[in-house]
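Visitor: Chains as they are written, first to last, in this note's numbering: chain E, 1 to 303; chain C, 1 to 247.
Don't take every hint at face value.
[Said to hold, decoys possible] With a straight-line Cα cutoff of 30 Å, these simulated DSSO-like cross-link-like pairs (lysine-lysine) come out:
id, chain 1, residue 1, chain 2, residue 2
1, C, Lys5, E, Lys236
2, E, Lys236, C, Lys145
3, E, Lys236, C, Lys226
4, C, Lys238, E, Lys132
5, C, Lys145, E, Lys208
6, C, Lys15, E, Lys132
FYI, nobody ran anything at the bench for these hints, they're computed from the structure. Treat the numbers as computed from the prediction; the structure is a model and nothing was measured.
So the chains spell out like this:
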Amino acid sequence: MAAAEAYNVTHRFGNLTAVDNVSFSIGEGELFGFIGPDGSGKTTLFRIAATLVIPSDGRMTLFGLDTVRDYKELRNHIGYMPGRFSLYQDLTVQENLDFYATIFGTTIKENYHLIEPIYKQIEPFRKRLAGKLSGGMKQKLALSCALIHKPKILILDEPTTGVDAVSRTEFWEMLSGLKAEGITIIVSTPYMDEALRCDRIALIQSGKIMGIDTPDNIRKSYTKRLYAVRHPEKYKLLLALRSLPLALSCEPFGDSVHITLPEGTRPDDIISILNTAGLPDASITEIIAGIEDVFLELMKRES
Amino acid sequence: MNEQKVIEVDSLVKKFGSFVANNNLTFDVYKGEIFGFLGANGAGKTTAIRILCGLSRPSSGKVKVAGIDAAHNPEEIKKRIGYMSQRFSLYEDLTVSENIELYGGIYGMRMKEIRTRTPELLSRLNFTGYADTLIRSLPLGLRQKLAFAVAVFHEPEIVFLDEPTSGVDPITRRQFWEMIYETAGNGITVFVTTHYMDEAEYCDRVTIMNEGRIVALDTPAALRQKYGTASVEELFVKITRPKKESV
Numbered sequence: 001m002a003a004a005e006a007y008n009v010t011h012r013f014g015n016l017t018a019v020d021n022v023s024f025s026i027g028e029g030e031l032f033g034f035i036g037p038d039g040s041g042k043t044t045l046f047r048i049a050a051t052l053v054i055p056s057d058g059r060m061t062l063f064g065l066d067t068v069r070d071y072k073e074l075r076n077h078i079g080y081m082p083g084r085f086s087l088y089q090d091l092t093v094q095e096n097l098d099f100y101a102t103i104f105g106t107t108i109k110e111n112y113h114l115i116e117p118i119y120k121q122i123e124p125f126r127k128r129l130a131g132k133l134s135g136g137m138k139q140k141l142a143l144s145c146a147l148i149h150k151p152k153i154l155i156l157d158e159p160t161t162g163v164d165a166v167s168r169t170e171f172w173e174m175l176s177g178l179k180a181e182g183i184t185i186i187v188s189t190p191y192m193d194e195a196l197r198c199d200r201i202a203l204i205q206s207g208k209i210m211g212i213d214t215p216d217n218i219r220k221s222y223t224k225r226l227y228a229v230r231h232p233e234k235y236k237l238l239l240a241l242r243s244l245p246l247a248l249s250c251e252p253f254g255d256s257v258h259i260t261l262p263e264g265t266r267p268d269d270i271i272s273i274l275n276t277a278g279l280p281d282a283s284i285t286e287i288i289a290g291i292e293d294v295f296l297e298l299m300k301r302e303s
Numbered sequence: 001m002n003e004q005k006v007i008e009v010d011s012l013v014k015k016f017g018s019f020v021a022n023n024n025l026t027f028d029v030y031k032g033e034i035f036g037f038l039g040a041n042g043a044g045k046t047t048a049i050r051i052l053c054g055l056s057r058p059s060s061g062k063v064k065v066a067g068i069d070a071a072h073n074p075e076e077i078k079k080r081i082g083y084m085s086q087r088f089s090l091y092e093d094l095t096v097s098e099n100i101e102l103y104g105g106i107y108g109m110r111m112k113e114i115r116t117r118t119p120e121l122l123s124r125l126n127f128t129g130y131a132d133t134l135i136r137s138l139p140l141g142l143r144q145k146l147a148f149a150v151a152v153f154h155e156p157e158i159v160f161l162d163e164p165t166s167g168v169d170p171i172t173r174r175q176f177w178e179m180i181y182e183t184a185g186n187g188i189t190v191f192v193t194t195h196y197m198d199e200a201e202y203c204d205r206v207t208i209m210n211e212g213r214i215v216a217l218d219t220p221a222a223l224r225q226k227y228g229t230a231s232v233e234e235l236f237v238k239i240t241r242p243k244k245e246s247v
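Build out the structure end to end from the sequences listed, making use of the hints.
Guide: Given below as structure tokens:
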């Protein structure tokens, strides 16, 4: 049985279609990522999955149970971590955890093994008010609270937004640990590089899913040959490449600019043109497309 | 980039009780430079930015922003800088032109000048026709571009951008950085924080803070070479991870 299935789910707020005819099927035990910017519909979709919003059209099921009709039963099996920190700021770390355990009819002790790797990192601060925790600690407490009733599925809405690169890496390591426990995880993120941590991903933009596959296959779906051009004068390089009729697409990617070339153009041609354009010693190498290359390509195709 | 210093920080210390949030920071930022300010959450970035913006005073050390002493004359600093944060940028229930008027006014511009220059600002952003649109109904990417334009509308010497591209789609994120390049090209210094490590590569120089101190400061290329890493991201993890065991 699938852990989560969406059948043509649409959700409107007035004139705005936040989720636009979305369908997918997520297997049990999968770590599934929704990758897309703010305003792409991720949060609305996750609220529907968490039984908190009734979709305008279509339906969603988790483990065969309908998110609208069977919401009471389903809530026992869902661990939901909203994007905004929503624990009780004026309760301590331990009081928050106790509270969540109690409303789900369990105790911290009963499922301690599940939260242990995460919770033990904040346990020294268990008497501190949740509102006084650092961002990284709040995140760990929220995840512990979402896990304390031993849910079958975790729904994590942008758990790593605004979190530094190191803490993000640590968070994804925690998720791998939970996946190993057999918990299905649906997670959303605006950071394209995090897609590689998922079993499968959906690229989402303007309420629509632009592609669904393993990160590897998504990258392979980029059929053109892609090159990275480098020169210390990054902005000059970008402007020079963009003015070339030869470069089909041209996007800055950190220390390089990614370009695609028409048939018959050799990468060396680009170097000699840059040379005459006053950018000597530029380098060009063929590269494998990343998730963000594909995302940019799909966005341009949609618009 | 030229050699004129726009920010001068010498032995800056900021304490909250016994907690040392900024531990002896020393650095300069030059006119027209894009200066990336990186660090883990809780490393002390926000504290330092608040001092540079005249919102908080140093416990000790010398801080000059646009030539003005941050300890003695913070109010004067506020007039010379622009500021944009990811969390709160524009008033959602005001229109585009109302926001421009409000911020222009707060930054000390005359209404006449605001009115004369608004059409040019809107056309540069491809916003013509949006003047009377409520911010609430604009997509996030457009809002962030407008917020940036508003923060430099009064032609400050420095603009502080605090995670300006957080959650923004990849196309707009790139357009945003081009606005940064243009702004710096016009001689306005850009002081920027980000969690996107690819964006760190776009900066002229980056500094990495860890536990209240500056642990690295140089061009991205020089830092990558010094630490033998392929990217600034790897470098960041290498520098900040070993000390982060205490959560």
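Visitor: Taking 30 Å as the top limit, are the C-alpha atoms of Lys236(E) and Lys145(C) close enough?
Guide: holds, 22 Å
Visitor: Taking only the CA atoms, is the gap from Lys5(C) to Lys236(E) under or equal to 30 Å?
Guide: holds, 24 Å
Visitor: Below or equal to 30 Å on CA atoms is what counts here, so check Lys15(C) against Lys132(E).
Guide: Since the Cα atoms of Lys15(C) and Lys132(E) sit roughly 18 Å apart, the hinted pair holds (cutoff 30 Å).
Visitor: Does Lys132(E) lie within 30 Å of Lys238(C) when you go C-alpha to C-alpha?
Guide: Cα-Cα ~28 Å, so holds.
Visitor: Given the hint that Lys145(C) pairs with Lys208(E), test it: the Cα-Cα distance must not exceed 30 Å.
Guide: Satisfied, since the Cα-Cα distance of roughly 24 Å is no more than 30 Å.
Visitor: Lys236(E) and Lys226(C) were given as a pair; does the straight-line alpha-carbon distance stay at or below 30 Å?
Guide: Given that 30 Å is the threshold and the Cα spacing comes to 25 Å, the pair holds.
Checked against the numbered hints given earlier, this structure breaks none of them.
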